[in-house]
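**Q** Sequence:
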Amino acid sequence: MNDFIQRRKEDAPLDADAYVGVTPSDLVRADRVLTNDIDLFSPLDTIDTGSVVDEYWFDPQRRIVPTGASHVCIVYNDRKVSEPASFDALLDPEYSDGLLMANPQTTVTGLDFLLWTIHAKGRDDYLDYWEQLMKNNVRALKSWNSAYSAYESGEAPMVVSYSTDQIYATNEGKPLAKHRIGFPNDTGYAYISGVGKFADTDRGDLVDTFAQFLIESKVQRRTAVLNVGFPAVEDASLPKKYQPHVKKPETVIQYSVDELRKHADRWRSKWARQVASK
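The working numbering numbers the first residue of the sequence shown as 196 and each following residue consecutively.
One or more of the hints may lead you astray.
[As the list claims (entries may be wrong)] With beta-carbon atoms standing in for the labels, derived distance ranges:
no., residue 1, residue 2, range
1, V228, D397, 15 to 25 Å
2, E278, T404, 42 to 52 Å
3, A211, W252, 18 to 28 Å
4, E445, W252, 15 to 25 Å
5, V215, S277, 35 to 45 Å
6, E289, T230, 44 to 54 Å
7, E350, D240, 40 to 50 Å
8, T241, D319, 38 to 48 Å
9, V215, S464, 25 to 35 Å
10, Q327, E350, 20 to 30 Å
11, D453, E326, 25 to 35 Å
12, E445, D292, 21 to 31 Å
[As the list claims (entries may be wrong)] Taking lysine-lysine and the DSS-like style, the derived pairs with C-alpha atoms no more than 30 Å apart in a straight line are:
no., residue 1, residue 2
13, K316, K442
14, K275, K442
15, K330, K275
16, K443, K275
17, K457, K316
18, K337, K275
19, K316, K443
20, K457, K337
21, K435, K413
22, K442, K373
23, K436, K373
24, K337, K204
25, K413, K443
26, K337, K369
27, K337, K316
28, K337, K442
29, K413, K369
30, K369, K435
31, K442, K413
32, K373, K337
33, K457, K443
34, K337, K443
35, K373, K316
36, K204, K457
37, K369, K443
38, K316, K275
39, K442, K369
40, K373, K275
Everything labelled a hint here was simulated from the structure, so no lab data went into it.
Since we're looking at a predicted model, the values are computed, not measured.
Even for Gly, the Cβ is constructed at its ideal location relative to N, Cα and C.
Start from the sequences and build out the full structure, keeping to the hints where you can.
**A** Printed below as a string of structure tokens:
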């Protein structure tokens, strides 16, 4: 995404027509870097989006059509630790050296976890909480793949990941005891991604057709399994074999795009200066 934003800023060809996997953080970054008269995406306003789940829309201008969802959560191995019932519980000695995560400065998953803690602890107190969390030896790795691979290899009994993780475990024949889902404070942070049409494409009709295809119920049913997530449309559901294994929190947390535009960079910068640098 950063490459496409930079190319658009320099008025260079994007050499692409659409982007699948746009998140709220991606959209905020594009809007922040580009000036008001330069758009990275144009609306997909000729397709029928009536089946898209209302709560999954995150772009006020509806340039991005949601295509998949999950929740950021704590995936844990219940053979090694008990479920962390709250964010305060993660500070207990039981969880020392126990949590792996992706870096909030470089990943969406890490940033979503940071935003989740800000909502839980408050904008004035989240840095104090993070200092305590880091003293309990939480490890922030460069990417979600790095953190999850380290978790699977047994380097720690917990990892910040997704509430649909047991779809993956079921497909791979892995023991569910090593893929338990934890929602501290009975909450989870919304993870939603979608498809966007690049504003400079000259094949907009093809992109519209492709986007319409992506939200068809049969396609959504299949791509949800492949992407280890939930369908983004009302008229599709996961196959029955997976339904007992997908978990949802009592309360879903999500900052709006407007809130992220105003605050996310500052929150992340403060975290980097006061917490990650120590």
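**Q** Now tell me if each hint is right for this structure.
**A** Comparing the hints with the structure gives:
One distance hint, 15 to 25 Å for the beta-carbon pair V228 and D397, holds here, with the actual separation near 23 Å. For the pair E278 and T404, the supplied restraint of 42 to 52 Å holds, since their beta-carbon distance comes to about 45 Å. Distance hint check for A211 and W252: the Cβ-Cβ separation is about 23 Å, which falls inside the suggested range of 18 to 28 Å. Between E445 and W252 the beta carbons are some 22 Å apart, a value that agrees with the proposed interval 15 to 25 Å.
Distance hint check: the CB atoms of V215 and S277 are about 38 Å apart, consistent with the given range 35 to 45 Å. Between E289 and T230 the Cβ separation comes to about 50 Å, which falls inside the hinted range of 44 to 54 Å. For E350 paired with D240, a C-beta distance near 47 Å keeps the hint of 40 to 50 Å intact. The given range of 38 to 48 Å is respected by T241 and D319, whose C-beta atoms sit roughly 46 Å from each other.
At roughly 29 Å, the beta carbons of V215 and S464 sit within the given window of 25 to 35 Å. With their beta carbons about 22 Å apart, Q327 and E350 fall inside the hinted range of 20 to 30 Å. The hinted window of 25 to 35 Å between D453 and E326 holds, with their beta carbons roughly 29 Å apart. At about 29 Å, the beta-carbon gap between E445 and D292 stays in the expected band of 21 to 31 Å.
Using a Cα cut-off of 30 Å, the hinted pair K316 and K442 holds, with the two alpha carbons roughly 24 Å apart. Note on K275 and K442: the hinted pairing holds, with a Cα-Cα distance of about 21 Å set against a maximum of 30 Å. For the given pair, K330 sits about 20 Å from K275 by alpha-carbon distance, which is consistent with the 30 Å threshold. Using a Cα cut-off of 30 Å, the hinted pair K443 and K275 holds, with the two alpha carbons roughly 23 Å apart.
Between K457 and K316 the CA atoms are separated by roughly 19 Å; this keeps the pair inside 30 Å, and the hint holds. With a C-alpha separation of about 25 Å, the suggested pair K337 and K275 falls inside the 30 Å cut-off, and the hint holds. For the hint linking K316 to K443, the alpha-carbon distance of about 21 Å falls within 30 Å, and the restraint holds. Pair hint K457 plus K337 holds up; C-alpha atoms about 25 Å apart against a cutoff of 30 Å.
For the hint linking K435 to K413, the alpha-carbon distance of about 14 Å falls within 30 Å, and the restraint holds. A C-alpha spacing of about 15 Å is found between K442 and K373, which places the hinted pair at or below 30 Å, so the restraint holds. Distance restraint check for K436 and K373: the Cα-Cα separation of roughly 19 Å lies within the 30 Å cut-off, and the hinted pair is therefore satisfied. Taking the CA atoms of K337 and K204, the gap is about 26 Å. The hint holds against a cut of 30 Å.
Distance hint between K413 and K443 is fulfilled; the C-alpha atoms sit about 23 Å from each other, no more than 30 Å. A hinted pair counts as satisfied when its Cα atoms are at most 30 Å apart, and K337 with K369 qualifies at roughly 25 Å. The hinted pair formed by K337 and K316 meets the criterion: a straight-line CA distance of about 24 Å does not exceed 30 Å. Taking the CA atoms of K337 and K442, the gap is about 27 Å. The hint holds against a cut of 30 Å.
With a C-alpha separation of about 27 Å, the suggested pairing of K413 with K369 holds against the 30 Å cut-off. Taken as a hint, the K369 and K435 pair is honoured in the structure, with Cα atoms around 18 Å apart against an allowance of 30 Å. The straight-line distance between the Cα atoms of K442 and K413 is roughly 22 Å, inside the 30 Å bound, and the hint therefore holds. For the hint linking K373 to K337, the alpha-carbon distance of about 23 Å falls within 30 Å, and the restraint holds.
Of the pairs offered as hints, the one joining K457 and K443 holds, with about 28 Å between alpha carbons and a cut-off of 30 Å not exceeded. Distance restraint check for K337 and K443: the Cα-Cα separation of roughly 27 Å lies within the 30 Å cut-off, and the hinted pair is therefore satisfied. Of the supplied pair hints, the one linking K373 and K316 holds, its CA atoms being roughly 28 Å apart against a limit of 30 Å. Taking the CA atoms of K204 and K457, the gap is about 21 Å. The hint holds against a cut of 30 Å.
A threshold of 30 Å between alpha carbons decides the hint, and for K369 with K443 the separation of about 21 Å falls inside it, so the pair holds. At most 30 Å may separate the alpha-carbon atoms for a hinted pair to count; K316 and K275 meet this at roughly 27 Å. For the hint pairing K442 with K369, the CA-to-CA distance comes to about 17 Å; that is within 30 Å, so the pair holds. Among the hinted pairs, K373 with K275 is consistent with the structure: their alpha-carbon atoms are about 9 Å apart, no more than 30 Å.
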